[in-house]
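**Q** Starting from the structure of chain U, add chain Z where the hints point.
Here are the chains, one letter per residue:
There are 2 protein chains.
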Amino acid sequence: MKYGIVIFPSKPVQDEINSYRKRYDPHYAMIPPHLTLKEAFEVDDAKITELITELKHIANETEPFDLAVNKVSTFAPVTNTIYLKVEPIQQLYDLAEKMQSGKFPANQMYSYVPHITIAQKLSQDEYSDVYGSLSMKDTRLEDQIDRFHLVYQLDNGIWTVYESFVFGKEYV
Amino acid sequence: MKYGIVIFPSKPVQDEINSYRKRYDPHYAMIPPHLTLKEAFEVDDAKITELITELKHIANETEPFDLAVNKVSTFAPVTNTIYLKVEPIQQLYDLAEKMQSGKFPANQMYSYVPHITIAQKLSQDEYSDVYGSLSMKDTRLEDQIDRFHLVYQLDNGIWTVYESFVFGKEYV
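Chains as they are written, first to last, in this note's numbering: chain U, -14 to 157; chain Z, -14 to 157.
A couple of the hints might just be wrong.
To be verified - Quick list of in silico lysine to aspartate or glutamate cross-link-like pairs, EDC-like style, CA-CA up to 16 Å:
# : chain 1 : residue 1 : chain 2 : residue 2
1 : Z       : Lys(-4)   : Z       : Asp131
2 : U       : Lys(-4)   : Z       : Asp30
3 : U       : Lys70     : U       : Asp123
4 : Z       : Lys154    : U       : Glu39
No lab work stands behind these hints, which were simulated from the structure alone.
Everything numeric in this text was worked out from a predicted model, so none of it was measured.
If we strip away everything but chain U, and leave its shape as in the complex, we get:
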């Protein structure tokens, strides 16, 4: 089964991010606004049980932290994805790193860039227009994060949550 690990911001922040995604992100209906900690990976049932125990340990070792967005950025020219750049804080890198080592499959192809996608799969012309107009907007957001979620993908492409991991609150 195909799994991923994400952080969902709080509802007010998700609602604001959706106002952009609704127009520019074809994955809008596939998953709520999210910050990816670990990109999609394939594992079987036995392995995921093992990884869930690891994820509980990781959650218990993590303190709640503040997340801040100050500007829009882009992965162009690699892809023309436009995203909210999440201020680089150590906790996010630590989380992503722990999910690439030990019992976890290493599946990170590029350096980890904490971000929340708001536009993707645009044509080149659309991309230029949208990036130009989003860059001029005030996209500052702040949030408190105290959990992450293990999600899996259904055949129709939509992601379902399997389990939540609340920092300092997991029973192992």
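**A** Relative to chain U, chain Z alone:
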């Protein structure tokens, strides 16, 4: 904020149920296939914190159980919703009952009927056609359930998972 409490069946069962929902359920993209334990209710942040502790206790008191679907049924003439009738087992009624009493707001308007919706908001003609054809299909499904999820609704109508509650595994 508006919350609900649901059970998501396993991926193979969700995929099969989605094959019906895709055609007949306008809520298809709003939430994955689910069995509702407690319908949408409004509570503030302080109250939900209190209810989460209750939900952990409830999860810890519950043993994993088997869920079976044997036929299609309908809420007509109250609404023309068509659903997979979940075999009535005590655990489901106990869960639903606990989420209506104690600290929980009582918001259950009808007797609890364990079901998974596959079609709704159809015109009367569509309803008759769809119910006729679904009634003749073999819709038997079996699954093992070991958790439920607290979900909340975004402004765009899509539901996000806030927290999972795994039977016998919650730290209170």
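**Q** Compare the structure with each hint and give your call.
**A** Here is what the structure says about each hint:
1. Z/Lys(-4) - Z/Asp131: holds, 14 Å
2. U/Lys(-4) - Z/Asp30: Holds - the C-alpha atoms of Z/Asp30 and U/Lys(-4) are around 12 Å apart, at most 16 Å.
3. U/Lys70 - U/Asp123: The given pair, whose Cα atoms are some 13 Å apart, holds under the 16 Å limit.
4. Z/Lys154 - U/Glu39: Given pair Z/Lys154, U/Glu39 holds - Cα atoms ~15 Å apart, limit 16 Å.
Against the hints set out earlier in the document, no violation occurs for any number.
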